[in-house]
Amino acid sequence: MTDSTKSGFYQETAGPDQTFLDANELVLNMGPQHPSTHGVLRVILRLDGEKVLGTECVIGYLHRGVEKIAENRTYTMFNPYVDRMDYVAAVSNGLGYCLAVEKLLNIEAPPRAAYIRVVLTELNRMASHQLWLGTHALDIGAMTPLFYTFRDREEILKIYEKYCGARLTTHAFRIGGTLYETYDGFEQDVNNFVKFVTPKIGEYEELLTTNRIWVERTKGVGVLSGKDCIDFGVTGPVLRAGGVKWDLRKAQPYSMYDKFDFEIPTGENGDTFDRYIVRIAEMRQSLRIIDQAVNSIPAGPIMAKVPKVMKPAVGEVYVSIEAPKGELGYFVVSDGSTQPYRVRVRPPSFVNLQALDKMVRGALVADVVAVIGTLDIVLGEVDR
Amino acid sequence: MADETTSKDQPKPPESKPAAEKPAAPPAAKAAAAPSAKPAGPTPQPWESEMVAKFKARFGSGIREASTYVGQNYMVVDGSIVYEALQLLREDEGFDYCVDITAVHYPKREEQFDLVWILYSFPRNERIRVKTLLKDGASVPSVVAIWSTANWLEREVFDMFGIGFDGHPDLKRILLPDGWKGHPLRKDYPILQQDTEWVKINLGIESGQ
Amino acid sequence: MSIAPLLNKVFMVDLIKGLKVTFKYQHPKEVYTEQYPLERPAIAERYRGLPRLNVNPETGETLCIACNLCATACPEHLIVVQSERNPATKRKEMTSFTLDISRCMFCGLCAEACSTDCLELSQDYEFALYSRDGFIIDRARMERGSEPTVYTR
Amino acid sequence: MLDYVTSYLHSSLTPGQAGNWLWALVYILVIFAGVSGIVIVMNWGERKALAHMQVRLGPMRVGPHGLMQPIADAIKLLTKEDIMPSEADKPIFWLAPVWVVMIAFSVFIVVPFGPTHAVTDMNIGILFMLGVSSLGVLGIVMAGWASNSHFPLMGALRSSAQMVSYEIAMGLAVVSAIVMTGLGGIGPYGIGSGAGSGTLSMIGIVQAQAQQHVWFIFKFFPVGLVAFFIFAVAMIAETNRAPFDLPEAESELVAGFHTEYSGLRWSLFMLGEYAGMVAVSSIAITLWLGGWLRPFPSTHGPAINIPFLWEHPEQGVVDFAFSFAPALVMLALAFFSFFNAMRMPKHPLLKIQTIGLYAFGLVLAGVGLILLAPPVRDRIQDIFWFVFKIACFMYLYIWYRATWPRYRFDQLMKVGWKVLLPLGLGVLLVTGIIGLGPEIAAWLKGVV
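Protein chains in written order, with my numbering: chain A, 1 to 384; chain B, 1001 to 1209; chain C, 2001 to 2153; chain D, 3001 to 3448.
Keep in mind that the hints were calculated from the coordinates and are not lab data.
Incorrect hints may have been included.
[What the hints assert, rightly or not] Pairs of lysine-lysine residues, derived as DSS-like cross-links and limited to a Cα-Cα distance of at most 25 Å, are as follows: (1) C:Lys2017 x A:Lys200; (2) A:Lys158 x C:Lys2029; (3) A:Lys245 x A:Lys219; (4) D:Lys3418 x C:Lys2009; (5) B:Lys1108 x A:Lys311; (6) B:Lys1108 x A:Lys68; (7) B:Lys1187 x B:Lys1172; (8) A:Lys68 x B:Lys1135; (9) A:Lys227 x A:Lys245.
Take these sequences, add in the hints, and give me the full structure.
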């Protein structure tokens, strides 16, 4: 804990005017090795007893320089790297990148590819939310939902494995469409999954939604109103729980999302419980989209006409999608060569994490854990 | 590690774009692609709108360019008025959500950096990019007062490009450790420099590659 | 507070509901664990595992034409193909093929680039080693393909 | 000397009361070994039960169905490097786990596993138990303080606050049970008639339940039940188990007060925690669940105190039937082992495990057959029912842990002070009013 003395706020408090009990603030260094910082997040907490007076996030432990790597790879080569940012929602990352480069190349994926993309991306949203629910519940002390959600997520990973050969870092989409045609029984598998998982979501809810401990632990904790969300640039379920009905899939539809009928669940208070409810509802909406999409995949090609060596014209685009965690944007600059001149990723986790300080000020240590969980951060994406 | 292909070409002249010389693109394919003159891609079109007109009237030549590229609007403004312009965008035009702040490094230009603010307006459901061109070592006013989200985003830009933000509450490195040398996303930052230096000091070997 | 929620609260219906779920799942048939070395997971046909170099099953000759496309497609530059021109047939023939799987991310770009059916990502997923030394695999290993680990006591 | 040894055998007193030091020592050793055995079984059982609730298998590799896992764990913990943080307060750091284990085991002196199966019986037995078990918090505070680290310190502070607050509610619930011992009468609402022997002695409390022919959990229904509920909640909090496991909340405080401990010292904490769970469970069993009494004690009649049931065939057919329960449970477990052994996949790697499971089943079956023999059958009854009830409590502990989230610190305090404490006071008051019902009625008559 000695190195936390270096942090900015420590000097302010440790002055000569200590009381006779020597009762100054406690600086607690949570992470990077901590069970519930979801990776290698380090939060330096300034505590008065158990009450949080302030926080400082120290991030970058997982920084791999994705943006620099991009500048040294061709557009095709960089595609697998984006999976490694938000590794629990790899397919969404890939979709965002492919859409950005497609925009730069001024092409569009054929409808069949778009539908397959929607199915896989929504499955990915399910998987991401399930993993979030499990770990969030574990943070709050309920061990068991983790195993149930992982069990159900496994079915999604199996579909991925059958579809594209990898379970986590899928590299499922290619620029211009998808490489892989659906396998025999893909529709069957996905439909079975929808049937299988619908009652399971009910079970998660039985374990948590009405449970008095869960409700007490989450209601009124980490409140972030819609106005604050916008100010902090927080997007995704956190923003929607604050009452702002905004979802990029509806606001600026991409990949044929305008063809599907679904709702945007919103909360009212913007507290941890609302975020939980919103994500549970989003899982159900995702299932709705999957159900619609998988049963109406049109016939046709799955790959647009893409040059073998991609040399987009000089220019820059910003394309963003609604990733499970919020707005995931790619700002791609081309200088006309085969390699992107600059790829900037707008990571939802990174921006959302910034609101942590506001959400936990005045709360207790246990709430810090709950709030980190409810923000649904993935350190691979925060640090890139 | 035995990575024969990369180790040879890594210490490359800092001036040139490092990627261009990699044996990445297959020579055969490159030859094939070159003659087939690709149709020129879309070009930026002038962006005409009420807002742009208002801004042009207000700032005059401060708005250097307002264009649309593949349906995305952007505005290049002068560094001196950028804070004012952003504030106006937030307060009068409803761009209440600062999506991202980033930069692009063009080492050959005199104004080396493109600093980009990507903004979104919830009421208008519209995106806009505001760009400003900066010299190396120049700084711009921080927009943390306008959007709280700018705090970390500006820190990241500072970390990666070394662009200063005046009035930022806590401008220090965010992703890289405090003692890091250089700003990695600059084009003249060689990837292996830091690594080689570290292995020389700590492991006593010439190169980690 | 109306009477039903009050009764729910007093009799802890919310807590008991949860207990019911966990109790129900104790049944042995709900167990989801795979006893790995005993039961092996069914690997999908498209699984992207250890890259393999295919040979012509009849003649045993490699299908590789030493075009080097895989090496250029690899984002991590892990593949080195060496070839020499056979004076007899006037064709390039692969003499050695090495791959550093310690950094391979199994993206499959090399297999996509392969112009013949030679390089392919196999279903082999068991290639963990105790040291980094064995991770640079050569042509012989890649042609041999999958070697399922046999566990003995 | 032999006389000294055998003279005790026909005594109907505990060795402590009889003043037989040798037998007291034997009892101490047996109870120490027995509780340690329960802890070991609990270790395995918790991992298995928790795993199955979480659709996992739990330990499967060490021994058949992981039966040898606790032993493997013990070996691992004993041989692990003993780390003492350089900044730690060394004597206290050393003392804390020892203290915790010592306290956890000393309370077993007065726990009655049967009418005579306790080391001793004190006339203030329950007070002794509550008093000694509350000293356990000192070990936790010492551990947290001596570690000289923030997480343990916070864990220790949480622990001390939590234990102190819950002890009050716990004490109130206990007092209401003690009041019940003083109110004679047969059956749930039997008041006034029959002998009431107000007592603090652990054995006395169970005997009071036997005399009143009712477990106190059903006495003055639902008053006894509410008192038991208060105790059950407070007892989970006392032992730092989910959902009140704040002092060692792994997602917040890494491991709470024992973050800095490892190896043997850490295992001592674990031993202390599980022994503490057994101890508080045995308080609850003694006070509300009839101690060593079997279910439906009302058929027992007053002769329950006589330890040698087979000399009293007049106890009736129900007693006779119930006396087979221990053997039947053992045989059922043996059958379960055989069943699982037969279900084991036929695989050369699993051969030894299958044989091991068969052997385990055989041992259980052997024990079951021994328990069928009449003298053993009757003598083992009391202990069996006590241990059986402990097992039920342990299962509940695991079940709660698997299901519920963890309370936050302030909510924990709220539950303790604003819910359980008033409830406890109310229960005490109601118990008193019901118990003194006839007197109050008579007094009221006199006044009116």
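Now the hints, each set against the structure:
{"no.": "1", "hint": "C:Lys2017 x A:Lys200", "verdict": "holds, 14 Å"}
{"no.": "2", "hint": "A:Lys158 x C:Lys2029", "verdict": "holds, 20 Å"}
{"no.": "3", "hint": "A:Lys245 x A:Lys219", "verdict": "holds, 20 Å"}
{"no.": "4", "hint": "D:Lys3418 x C:Lys2009", "verdict": "holds, 15 Å"}
{"no.": "5", "hint": "B:Lys1108 x A:Lys311", "verdict": "holds, 21 Å"}
{"no.": "6", "hint": "B:Lys1108 x A:Lys68", "verdict": "holds, 18 Å"}
{"no.": "7", "hint": "B:Lys1187 x B:Lys1172", "verdict": "holds, 21 Å"}
{"no.": "8", "hint": "A:Lys68 x B:Lys1135", "verdict": "holds, 21 Å"}
{"no.": "9", "hint": "A:Lys227 x A:Lys245", "verdict": "holds, 12 Å"}
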